[in-house]
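Asks: If you want the building blocks of each chain, they are given just below.
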Amino acid sequence: MRVAVIRFPGSNCDLDMMAALKTIKGIEPDLVWHEDAALGRGGYGAVILPGGFAFADRLRAGAIAANSPAMAGVKRLADRGVPVLGVCNGFQILVESGLLPGALLRNSTLKFVCKWTHVRVENTRTPFTSGLSEGQVLSMPIAHGEGRFFLPHAELAELEKNGQVAFRYCDSSGRTTPGSNPTGTLHNIAGVCNKAGNVVGLMPHPERAAEALLSPLGHPDGALVLSSLLVRSGGRRRA
Amino acid sequence: MKAEQLGLGLTAQEIATVRKSLGREPNETEWSIIDAEWSEHSSYKSSRGLLKLFPTTGKRVVLGPGYDAGVVDVGDGYVVTLHIESHNHPSAVDPYGGASTGIGGVLRDILSVASRPIALVDILRFGLIEKSGHSRWLLKNVVRGIADYGNCVGVPTVAGEIEFDDSFERNCLVDVACVGLGRKDDLILGEAKAPGDVLVLIGGSTGRDGIKGATFASKNLKEDAASERSSVQVPDPFMKKLLLDSLLEIVAKHGEVRGMKDLGGGGLSTALSEVASKGGTGVDVELKRVRLREDDMSPTEIMISESQERMLLVLPSGPGGGKDVISVLEKYGVPYSVIGKVTSSPRLVLRWDGKVVADLPSSLVTDAPLIDWPYKKPSASRVAPRSALPEDEPRLKDALLTLLSSPNIASKRWVYQQYDHEVGLRTVVRPGQADAAVMRLPNGRFLAIKGDGNSRQASVDPYAGAAGCVAEACRNVVAVGAEPIALVDHLQSGDPSDPEVYWAFRENLRGMADYCKSFGLPVVGGKVSFYNEDSATGRAIKPSPIALVVGLAQEESGLRTMAFKAAGDSIVVVGETRPEMAGSELSARFPKSMGVPSRSPRVDAQQDLKTCRAILKLIGKGLVDAVHDCSSGGLVVALAEMAVSGSLGAKADLALAPSTCRRTLETAFSESHGRFVVSGGDGAAIASSLRGAGVTHAVVGKVGGASLSLTARRSRLASVPVSSMRARWERAIPELMD
Chain L
1 MRVAVIRFPG
11 SNCDLDMMAA
21 LKTIKGIEPD
31 LVWHEDAALG
41 RGGYGAVILP
51 GGFAFADRLR
61 AGAIAANSPA
71 MAGVKRLADR
81 GVPVLGVCNG
91 FQILVESGLL
101 PGALLRNSTL
111 KFVCKWTHVR
121 VENTRTPFTS
131 GLSEGQVLSM
141 PIAHGEGRFF
151 LPHAELAELE
161 KNGQVAFRYC
171 DSSGRTTPGS
181 NPTGTLHNIA
191 GVCNKAGNVV
201 GLMPHPERAA
211 EALLSPLGHP
221 DGALVLSSLL
231 VRSGGRRRA
Chain D
1 MKAEQLGLGL
11 TAQEIATVRK
21 SLGREPNETE
31 WSIIDAEWSE
41 HSSYKSSRGL
51 LKLFPTTGKR
61 VVLGPGYDAG
71 VVDVGDGYVV
81 TLHIESHNHP
91 SAVDPYGGAS
101 TGIGGVLRDI
111 LSVASRPIAL
121 VDILRFGLIE
131 KSGHSRWLLK
141 NVVRGIADYG
151 NCVGVPTVAG
161 EIEFDDSFER
171 NCLVDVACVG
181 LGRKDDLILG
191 EAKAPGDVLV
201 LIGGSTGRDG
211 IKGATFASKN
221 LKEDAASERS
231 SVQVPDPFMK
241 KLLLDSLLEI
251 VAKHGEVRGM
261 KDLGGGGLST
271 ALSEVASKGG
281 TGVDVELKRV
291 RLREDDMSPT
301 EIMISESQER
311 MLLVLPSGPG
321 GGKDVISVLE
331 KYGVPYSVIG
341 KVTSSPRLVL
351 RWDGKVVADL
361 PSSLVTDAPL
371 IDWPYKKPSA
381 SRVAPRSALP
391 EDEPRLKDAL
401 LTLLSSPNIA
411 SKRWVYQQYD
421 HEVGLRTVVR
431 PGQADAAVMR
441 LPNGRFLAIK
451 GDGNSRQASV
461 DPYAGAAGCV
471 AEACRNVVAV
481 GAEPIALVDH
491 LQSGDPSDPE
501 VYWAFRENLR
511 GMADYCKSFG
521 LPVVGGKVSF
531 YNEDSATGRA
541 IKPSPIALVV
551 GLAQEESGLR
561 TMAFKAAGDS
571 IVVVGETRPE
581 MAGSELSARF
591 PKSMGVPSRS
601 PRVDAQQDLK
611 TCRAILKLIG
621 KGLVDAVHDC
631 SSGGLVVALA
641 EMAVSGSLGA
651 KADLALAPST
661 CRRTLETAFS
671 ESHGRFVVSG
681 GDGAAIASSL
691 RGAGVTHAVV
701 GKVGGASLSL
711 TARRSRLASV
721 PVSSMRARWE
731 RAIPELMD
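Order-wise, the sequence lines are chains L and D. Residues 1 to 239 (the working numbering) make up the first sequence, in order. Residues 1 to 738 (the working numbering) make up the second sequence, in order.
It is worth saying that the hints were derived from the structure and are not from the lab. C-beta: ideal position from N, C-alpha, C; glycine also. Warning: the hint list may mix true and false statements.
Claimed, not checked - Derived BS3-like pairs (lysine-lysine); straight-line CA-CA distance at most 30 Å:
#1 L:75 / D:331
#2 D:331 / L:22
#3 D:355 / D:341
#4 D:278 / D:20
#5 D:140 / L:115
#6 D:376 / D:517
#7 D:288 / D:331
#8 L:115 / D:412
To be verified - Chain D is faced by these chain L residues, among others (derived, beta-carbon under 7 Å):
#9 9
#10 12
#11 19
#12 111
#13 112
#14 113
#15 114
#16 143
#17 146
#18 150
#19 154
#20 208
All chains should be modelled from the sequences, with the hints used to inform the complete structure.
Replies: Dropping the structure here:
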């Protein structure tokens, strides 16, 4: 499967995402410059928006990238059901562009936080969780200043009812405790998906946890998220 | 206008030298260029002669001091590049902007030799945050400045050190080191060798920020230092990221860049004169072509502006020359302008609308005359040694818990969690896990990185204290399983015209140089920073030499962290503890009961080399699973840190540890060099290997339980739950800062 990793000016996890994808047999990643027309020519089985500080997070994290021509192309693909993943700044861009609900606010500590976290898989019907099992606990690092997911009460209830929460922060045994919530994010939410399930955003970095050597626990859990793209889901193999 | 009316930093003697050498009165622009270039910051005029004492060659050294970065061969065609910078004065005035631009500067140095920055290391010094709101404000904003800049450009901050001491209250120190990775064949130097080549200025525009920054850094801070904020540059990490990505793409595509130089202290003056002087050429530059942020800037202001995020490229001329380079710059939206050309006449010629506004020999600009300051050993210690009062001796447990919650020893998680230390997919051993950070290299090897200093010890004994910084950094690198391969240093002190300050500076330098020679460690670069004092109080900082050491480990199985790994493991203390309490954390925390001790830790590079080799051998044989060096807080703090990290207690008999101390508190907390604590399953085999290497050691106890239980033969000294130690160690800094 060919996967486009979009590089905005200021992206800084683009090469890391490329490297992580290259470790997965069956995935051929392409680094696509945001002004490049390659995205429109098609042929991509999935699109990934990597982390970083696209356009220096000017205005608001993700705000300028969300209105770039590249995102118009991503929206068209998303509407056709193509899997789209936004990680960290990529999640912020997806939220700003309206492809995902909610907002990502300043962490409750008011500080940037870089640490390894545990997240629990809440939903396996997305193309980035289809290789995982519900309740499975993964270890992946976060590194952001604005990752506190927020939605007004009624919309949050709707999101929960629809099963649009993909990942929640938890402790090592899978309990979603206040102590395991690093940013004050609502309902310990670490990742969400759209209603259709093909667009996913998450704050932790799967690409940083894709090799055992780079994980303090020695678990390449991030690779399981990325390789879900290749897993048969709903009886249909993604091309 | 005459030089005397321009408010220059030059001395009367220097002014006379310039006039004599040039045979005429330079104009204002020329004076300003010479002023910036002859500042201490740019010229090293007070230290250049002495820096020759450093050993700078070795089998791995590709490029030593004198270039933007030191370059070390790590095998298979790869090189690691190193540079250290400080931004002390700017950070004391504007901690956020000063710290940010400090990172910006060191990143450019790594980038300008065509290597990719892969790790940042921060070594910081502040006043006592327990007592001073000002120091807490400085710490908070320096850390935020480093985080915002480093995180944005995508270079992980993987290691560092912080020390708190009253002498830094008004003059904090912000040292930033950067490690880069490149290919030996791709290296580019800051030289303009071929007349006819064109000079292209890329990146940010030139504004009035940072005007005379190099001169600002070369004098003492004034009481109204806040009024000097316009001397602090404005950071733009986004432009830096674009510069970084575009230049690395140019290097990867083998774009034809003949020379590259970052614009740092001294701005265009420094960059132009250095590429010319290193290349044995001259330059002819039209200043009207420099892109300006404010359009009414004078030629003088343009030449000495230190606006950030700018680089100078030397590209081939003629049709098609540099086209591939320009197309990449355009893709990333990096502004550029061709400002002049390289000439065969070794002169710096600057024009304004074609008219020559400055014409100076490049060598006059770059070769400031050396200053040989008088120096004098302080006649007697200002504080006479006072003997201890054993009746007031703290209980071991109280002393331990007090030290664990001292900001000097307590966990620095509050700081390093604000830094992205993961980006780049290279960080294998992270902050807090071990004595040094470990990054993987593309050839399957591992690079250990650590920066160390100890200003208290460097102040008590400037020679041994400075040597001790190198010793400690080497131990830290060895503790993770790596062999030290290169060092960059940073010497920081007060006003060199004070003979006692200059004496201490010389001793610092000699101490480091001698240690490096004996240990066989090449110095590949460094930095000197004088005038770190407060003119309101006339108080200089404690001399603060810093050593940044990198080491190489061959394989993953040879990496170690400090956490105790398994109950039942034997604990072995390596090296001898001596009653060397001067400058120790215990003496600082318990000045009454510990008195004012006279002896500070001495160093023995030959012995240390033997010990370090023995430790690497233990790791190589797989005999030890945890390794930790003994430094701040001594033996008992080392045991406590291993216990807290591993969530495992231990029992240890302090009377068994090799020691010449009379008092138990000295054995427990003396900061003697040359020591490690290791643990492993087979204590006898560890002991036998150390015996074979001729290294002093003793098996002192075993890992296990939920407390650290310390005895001296049969008598019980203390038993402290790991959870209590952790609480003190982890909460100390957040409780002060949040």
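Asks: Each hint should be assessed against the structure and marked as holding or not.
Replies: Each hint, compared with the structure:
| no. | hint | verdict |
| --- | --- | --- |
| 1 | L:75 / D:331 | holds, 24 Å |
| 2 | D:331 / L:22 | holds, 25 Å |
| 3 | D:355 / D:341 | holds, 16 Å |
| 4 | D:278 / D:20 | holds, 24 Å |
| 5 | D:140 / L:115 | holds, 19 Å |
| 6 | D:376 / D:517 | holds, 25 Å |
| 7 | D:288 / D:331 | holds, 25 Å |
| 8 | L:115 / D:412 | holds, 13 Å |
| 9 | 9 | holds, 6 Å |
| 10 | 12 | holds, 3 Å |
| 11 | 19 | holds, 6 Å |
| 12 | 111 | holds, 5 Å |
| 13 | 112 | holds, 5 Å |
| 14 | 113 | holds, 5 Å |
| 15 | 114 | holds, 5 Å |
| 16 | 143 | holds, 4 Å |
| 17 | 146 | violated, 12 Å |
| 18 | 150 | violated, 22 Å |
| 19 | 154 | violated, 33 Å |
| 20 | 208 | holds, 5 Å |
In summary, the structure is inconsistent with hints 17, 18, 19 from the numbered list given earlier, while agreeing with the others.
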